Amino acid sequence: GENVEQHPSTLSVQEGDSAVIKCTYSDSASNYFPWYKQELGKRPQLIIDIRSNVGEKKDQRIAVTLNKTAKHFSLHITETQPEDSAVYFCALETGANNLFFGTGTRLTVIP
Amino acid sequence: DAMVIQNPRYQVTQFGKPVTLSCSQTLNHNVMYWYQQKSSQAPKLLFHYYDKDFNNEADTPDNFQSRRPNTSFCFLDIRSPGLGDAAMYLCATSRAGSQPQHFGDGTRLSIL
Numbered sequence: 103g104e105n106v107e108q109h110p111s112t113l114s115v116q117e118g119d120s121a122v123i124k125c126t127y128s129d130s131a132s133n134y135f136p137w138y139k140q141e142l143g144k145r146p147q148l149i150i151d152i153r154s155n156v157g158e159k160k161d162q163r164i165a166v167t168l169n170k171t172a173k174h175f176s177l178h179i180t181e182t183q184p185e186d187s188a189v190y191f192c193a194l195e196t197g198a199n200n201l202f203f204g205t206g207t208r209l210t211v212i213p
Numbered sequence: 617d618a619m620v621i622q623n624p625r626y627q628v629t630q631f632g633k634p635v636t637l638s639c640s641q642t643l644n645h646n647v648m649y650w651y652q653q654k655s656s657q658a659p660k661l662l663f664h665y666y667d668k669d670f671n672n673e674a675d676t677p678d679n680f681q682s683r684r685p686n687t688s689f690c691f692l693d694i695r696s697p698g699l700g701d702a703a704m705y706l707c708a709t710s711r712a713g714s715q716p717q718h719f720g721d722g723t724r725l726s727i728l
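Protein chains in written order, with the working numbering: chain A, 103 to 213; chain B, 617 to 728.
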């Protein structure tokens with residue numbers, strides 16, 4: 103089965119600093135890599151995604167980079183704000199329509 | 617407006633008593649998924665429907681079954697809930713072919 107390692111498991115940053123979360127995977131056939139944000143007691147929400155034909159994608163303060171050769175992809179959040187505090191999950195598509203999630207990173211932004 | 621709606625938000629059932637969770641969508645998406653999420657863990661896919669085609673994950677217990685009577689609705693049936701089945705159950709939908717999944721708010725299931 104697919105193996106997705108997500109690091110770090112917890113991350114604390116000062117407000118305004120950047121946060122980086124990295125995921126590595128083993129299935130070279132994966133072509134779709136979304137990131138989800140989940141606040142306590144709420145649904146996972148897609149914040150950004152990237153496909154294998156693109157190396158980087160940016161949406162305001164959030165960016166994702168993908169290195170297919172090295173089989174890793176990373177989430178970058180700049181100018182962090184307290185409302186960015188949540189659990190972030192990387193995911194990748196392992197087969198037709200199937201998502202496999204990473205283990206999650208609990209991000210705390212300290213005001 | 618909520619596009620993936622799960623009912624109820626909270627469900628309490630007794631050990632061994634069958635329970636059904638429901639999910640409906642207004643997005644007209646082909647694919648509907650059921651995930652189980654335990655505390656401090658990632659969502660784990662139980663199964664999904666691509667239109668009417670049912671796809672079960674290999675490690676999903678036989679205790680869990682699903683029905684999709686039409687495009688809009690999907691149900692999760694737990695035939696004989698055990699204490700280990702207490703979790704958040706999330707429904708999601710997507711278009712086919714590497715498309716974003718949209719999640720409902722989930723149903724938190726407790727077993728007495």
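By construction, these hints were calculated from the structure, which means they are not laboratory data. Keep in mind the model is a prediction, meaning the values are calculated, not measured. All residues carry an ideal CB built from backbone N, CA and C; glycine is no exception. Be aware that a few hints might be false.
[Said to hold, decoys possible] Facing chain B, from chain A, some residues (calculated, C-beta under 10 Å):
1. Tyr134
2. Ala165
3. Val189
4. Phe202
5. Thr205
6. Pro213
Going through the hints against the structure:
no.	hint	result
1	Tyr134	4 Å, holds
2	Ala165	17 Å, violated
3	Val189	8 Å, holds
4	Phe202	8 Å, holds
5	Thr205	6 Å, holds
6	Pro213	24 Å, violated
Checked against the numbered hints given earlier, this structure breaks hints 2 and 6; the rest are met.
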